[in-house]
Each structure stands twice: as structure tokens, then as C-alpha cells.
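Please build the complete structure, drawing on both the sequences and the hints.
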Amino acid sequence: MATTLTPTTDGRATSRPVTRRMDPRSNSRTFGILCTVVLTIFALLWLVPLVWAFVTSVRPDSEITTSPTSWWSAHWTLAAYRNVIGSTDIGWWYLNSFVISTLTVVMTVIVCSMLGFALSRTRFRGRGGVAAIVLAGLMIPGQVLILPQFEEFRATGLLNTYWAIILPAVAAPVGVFVFQAFIGNIPDPLIEAARIDEAGWWKVYLKICMPLCRPAISAVAIFTFVSTWNNLLWPLLVLSNTKQMTIPVGLATVAGNYGIQYAEVMASAVLGLLPLLAVFLLFQRQIVQGIASTGIK
Amino acid sequence: MTTVAPRPTRTAPDPVTTEDRQTGRRTETRAGWFFSLPFLILYAVFLIGPTLYGLAMSFFNTTTVKGGLGDFVGIDNYREALSSNEFWSSMWHTILFTIVSTPILVVLALAFAILAERVRRGKWFYRLVFFAPYVVPSASVVLIFTWLYAPQIGLINKAFTLLGFTAPNWSGTQAWAMTSVILLTVWWTVGFNFVLYLAGLQDIPADLYEAAATDGASGWQQIKSITFPLLRRTTALVVILQLLSSLRVFDQIYLLLQGGPNYSTRPVIEYIYDVGFTDFRAGYAAAATMVYFVVLLIVSLGWFLMNRHRADPADTDPNQADPNQADPNATAQAGEPSTAVRSPAPDTAREI
Chain A
0 MATTLTPTTD GRATSRPVTR RMDPRSNSRT FGILCTVVLT IFALLWLVPL
50 VWAFVTSVRP DSEITTSPTS WWSAHWTLAA YRNVIGSTDI GWWYLNSFVI
100 STLTVVMTVI VCSMLGFALS RTRFRGRGGV AAIVLAGLMI PGQVLILPQF
150 EEFRATGLLN TYWAIILPAV AAPVGVFVFQ AFIGNIPDPL IEAARIDEAG
200 WWKVYLKICM PLCRPAISAV AIFTFVSTWN NLLWPLLVLS NTKQMTIPVG
250 LATVAGNYGI QYAEVMASAV LGLLPLLAVF LLFQRQIVQG IASTGIK
Chain B
0 MTTVAPRPTR TAPDPVTTED RQTGRRTETR AGWFFSLPFL ILYAVFLIGP
50 TLYGLAMSFF NTTTVKGGLG DFVGIDNYRE ALSSNEFWSS MWHTILFTIV
100 STPILVVLAL AFAILAERVR RGKWFYRLVF FAPYVVPSAS VVLIFTWLYA
150 PQIGLINKAF TLLGFTAPNW SGTQAWAMTS VILLTVWWTV GFNFVLYLAG
200 LQDIPADLYE AAATDGASGW QQIKSITFPL LRRTTALVVI LQLLSSLRVF
250 DQIYLLLQGG PNYSTRPVIE YIYDVGFTDF RAGYAAAATM VYFVVLLIVS
300 LGWFLMNRHR ADPADTDPNQ ADPNQADPNA TAQAGEPSTA VRSPAPDTAR
350 EI
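Quick note, the sequences are listed as chains A and B, same order. At position 53 of the first sequence (counting the first as 1) the number is 52 in numbering that gives the first Met the number 0, and the numbers step up by one without a gap. At position 153 of the second sequence (counting the first as 1) the number is 152 in numbering that gives the first Met the number 0, and the numbers step up by one without a gap.
Do not rely on the hints blindly, as some may be mistaken.
Reference excerpt, derived from the structure (chain A facing chain B, CB under 10 Å, subset only) [as the list claims (entries may be wrong)]:
| hint | residue |
| --- | --- |
| 1 | Y80 |
| 2 | N82 |
| 3 | S112 |
| 4 | I145 |
| 5 | A170 |
| 6 | W201 |
| 7 | V225 |
| 8 | L232 |
| 9 | V248 |
The set of hints was computed from the structure by calculation and includes no laboratory data. Since this is a predicted model, take the numbers as computed values, not measurements. Where a beta carbon is used, it is the ideal one built from N, C-alpha and C, also for glycine.
Right under this line is the structure:
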């Protein structure tokens, strides 16, 4: 039997000579089918809330009142979306979320990659202390800082500005460790060669490390984007003008306003989730690999 | 890079004088600090500063309505928080949520990942379906679930009726309110753990399964004696991340129930938020925050020590204890996510 074992990278069935003994994998083939069935049932269950939200949002309110749980409509309509867009500042919220998330991503990537580079490539005096401080920061969850941070931003007059949301998010210890690990994996000879060529440290960072770091950049960027976009507690505290709110804060404030107009409620839910769902569909591979490689939550 | 080749003599040891080396050292130190500064400044101003200020606030009678620390009250705030029923009941809601949600979120994610690993085609579909909810903002999740849970007309109630049960009053009683939050959370976040487990499964060599199959091991036997043991490290990571994120629960409880009915589900973060921003008692809220922070710290440290203690000497990676190690092999050799941050080795995440 040993000769029939073709090493494969993915463990899937390979062509193997048919022997007179029972195929050892037939057992697991039935098992595989069972797995698929069970998993598919769960997957369909997982789809229900999303699909139902989409379906409900495009049914007319009159139909929802008469048969609230129907999956079908005789008159599909986008009226609920028109109402939500017309009666709320959701356009502003999109813009705010987008500007805030993008700025946070850009600044986080720059600041964290620089420190990641310093920690993994330069042996400077005080490096151990810096690394220890950053590591300690991993233990402090942002939520325990809401009170003093709020006082701080009120004192500096930065409440109700984009900066109140962006600045506290930029110095992210997790981002540093992703970059540190990644830049640390770049082969030494590459860096040494550049140093011998009298390239300055800045050039080594910008021209050699950053281009090679693209996977780390996209992992940190996507995570920062998703978590900034979806952040609720902190923006809820520091943003009080309707036009300055982000999508989650805005949605949270209008949630009750529609009462029993479920099409409108579902339409605003869908409008809130569409951008990130689109981001996710576009970057599915990078996002999943990013999680796999960093384990950030 | 092409300019490197003609100058190999530069690497020869003899031309480097001690003086050269010292200037090199000095520029290296300067470069190190230059690259560290932007982070360190932001870090000091927005993380370390507020942490220390929060600690200071907890000893003063600070109020949110005016600036400054207010009167010094010593440990009164702590005494009050530790003896407050409201504080401890909110702490208990957070802990109850954590105790119930963590095992479900870990076991379900593991089950989904193992099943998905066995599926031959369309793995992307399952990955998509289970992970997609994770990127949905909490506000949207809650809007959708509010109506799924709606009495009489909600989809879940309809399903209960179809199956011949009477649907519970989802938001009316504490037991069901907590259950509805947990169900929502499982739907919303299980995808993250699922993906971590998929990554862990990728690192188990396929030939192990092949060999087991040759020996006639059934699918279940393979899972029991190969998959489970080799996923132990991934599980340790998933559990600690899940514990910490469950202990931080706020969004979904606040949005779905506002901590109700009658404060019976209010998590500790909402309590802090309420006393700090509704009662304006920032000093007292800061003391409550510190107690909560200590609980988080105990959980992380306890978990860390437990795993260190239990770890099999054979798979203890000496470099793992020091995440500051810049050694390229430090994190790559384990082959499984071993620390919170794991090296993005190019081949580990293939085709997840």
C-alpha cells in the first residue's frame, strides 16, 4: 500500500492504483458527504438574516403588514431606500465613515510600519524598553480609556472632529507586531547589501522593506478599515452633530425612528452593511489570509 | 541591487575600524528612535497618558461636567464600586455572557472548520457565508435581529410556531434577553474563529491523514487522533481572543436591549458609560473601570500562565516566550498560530 500513497499538498484524492483491498478512503468519502450536508444546512441558516433583510427592504410596507414573514413580493420596490436616503443624513455618514476610516488606515500603516521596522531592523539603544512598552499596550483594551480620553479631547477642543476618532486608533500595538514579524522575515543579505551601498535607513525602509511588505500592509489596512468603520462606542461619545456621525452611530440614532415601517428599517440596515460587504467580497482572500496570519480581533 | 555584485571586498572584515563601527552604532540608534518616535508620541498622548490620567481620576471626585480632577477622595470610589450591587450585577452580566458565549463560539467554529476542511468543492462558499456577518456593523446586525425576534410577526417566532412551539418573549425576561444577545453574537462573530481554525487546519500535514486512512482509520478517528491534538495551540489562541472580546461586550446589548429589561442585561461597559456620562461621575466611573481592567488582566495572565504550565515541553518554542524576537524563524517554525501575532509566512495561509 505504501506505493499508492502519493504525497499531495491538499489531501484530496489522487489517482492511485486500484487494489483488491477496499479503498481506504471510501470510508471517508461517505463521511465527506455527511459533512457537506451538515455544513450546508448551517450555511443556509447563516444566510437567512441577510437574505431576509434584503428581501424585506424591497417589499412595499403594505405587503409587510399583511404578511410580515413572506419571502416574496408581488410589487418589488426601492421606495424604502428612497425614503431612508431622503430623510436621513446617510450620505454624510458614508462620507464621514469613509474619510475617517481611510485617514486612520493611512496613518496606522505609516506609523506602525515605521516602528515595526525600527524594532526588527535596527539595534538601537532603548529598543528593549520600546518593545516592552508596546507589548504592555496590548493588554489595555481601548474601552477602559473612554473616560480619560473623552476628558482629553474635550480639553483640547477636538470633540466633534474627525481627529477625535482617528488619533486614538493610530498607535496600534497589534499593527506594530504584524510589521515587525513581517519585516523581520525579509532576508538579511538584502538589507545588508543596501546598507553597504550606503543607502540611508530611510531609504532601506521606503525602497526595500515597504514594497516587500505588501501582504502585511494589506492585512493591517483591511483590519484597521473594518474596525474603524464598525466602531460604535467611541464615535457615539465624541460625535454629537448629526452631519458628523459615522454610519454605525447614525444608524443607531435613527433605529427607533421608523417604528413599524420595517422596509425602511431593513433598508437602512442594508445600506449600513453594503459598503463593507462589498469590501469583503473584493478582498476576501486578503482578509481571510490577514486573519490567518495575524490572529487579531 | 545590481551594484552590489562588483563590491564584495567591502564585506571583508579588515577595513572596518572601531571608529567606523561606533559611528554606525550611533546612526543606528538615531535611526531607531527616528522610526519609533511617531508611534511613541501618539502612543504616549492617546494611550499611556489617558491610562495614567484614568488611574488618577479614580482617586478623585471628578465629574464629567467640568474640567479638572476635583477633590481627592482616596480609595472611596473603589470602596463604593466594590460594594455596589449595580456594579457587580453588571459585571456578572458581562461574565455570564462570556461564560455562555465563549464555548459556543469556539466549539461551533471548530466544528464548521473541520467540516469545511472535509468538503471537496466550494470551500469559498462556506468561508464567505460564515465570515460575511463579521464585517456587518453592529447597528445593522441589531436592526435585522430586532425584527427577526419581533413578537408575533418576527421570522423566528414564525419558525417556532411552524415547529409547534410557543416562541419565548425574547426581550421581556432576563434569561431570554441574554439568550437572544448570545444567538445574535454567535451568528455575527463565529466566522472570525472559523477562519482562525481553517488556518490552523491548513498547517496539519496532509500525509498524516493519508497514513491514517491507509491504516483504515475512519473519518471520526482521524479527527479525534490527528486533528484535535494538532489544533491545541490554535484552540488556545481562539479561546483567549474570544474570552477577551466577550468580556468587552457592549455594542449588541446596548443597541438591542439598552441593557434591559430593567437593567438585567446591562454589561459593565454600559454601567461605566452610564455612571460616567449620564450621572457625570467620572471619578467613580474611572474606579469601576480599573476594577474591570483588573478582571481582564487576571483573565489574560491566568490563561497565559495556565497554557505555559500545561504546554508539552516538546512543543515549547523557546523563542515564543519573547515576542520581541526579530529572529525570522521565531514565529515561523511553530507552524501554528502560537502567539497573538504570528509570522505571515507566505505558505501558511494558502487556500484557506
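Evaluated hints:
| no. | hint | result |
| --- | --- | --- |
| 1 | Y80 | violated (14 Å) |
| 2 | N82 | violated (15 Å) |
| 3 | S112 | holds (9 Å) |
| 4 | I145 | holds (7 Å) |
| 5 | A170 | holds (4 Å) |
| 6 | W201 | holds (8 Å) |
| 7 | V225 | holds (6 Å) |
| 8 | L232 | holds (6 Å) |
| 9 | V248 | holds (8 Å) |
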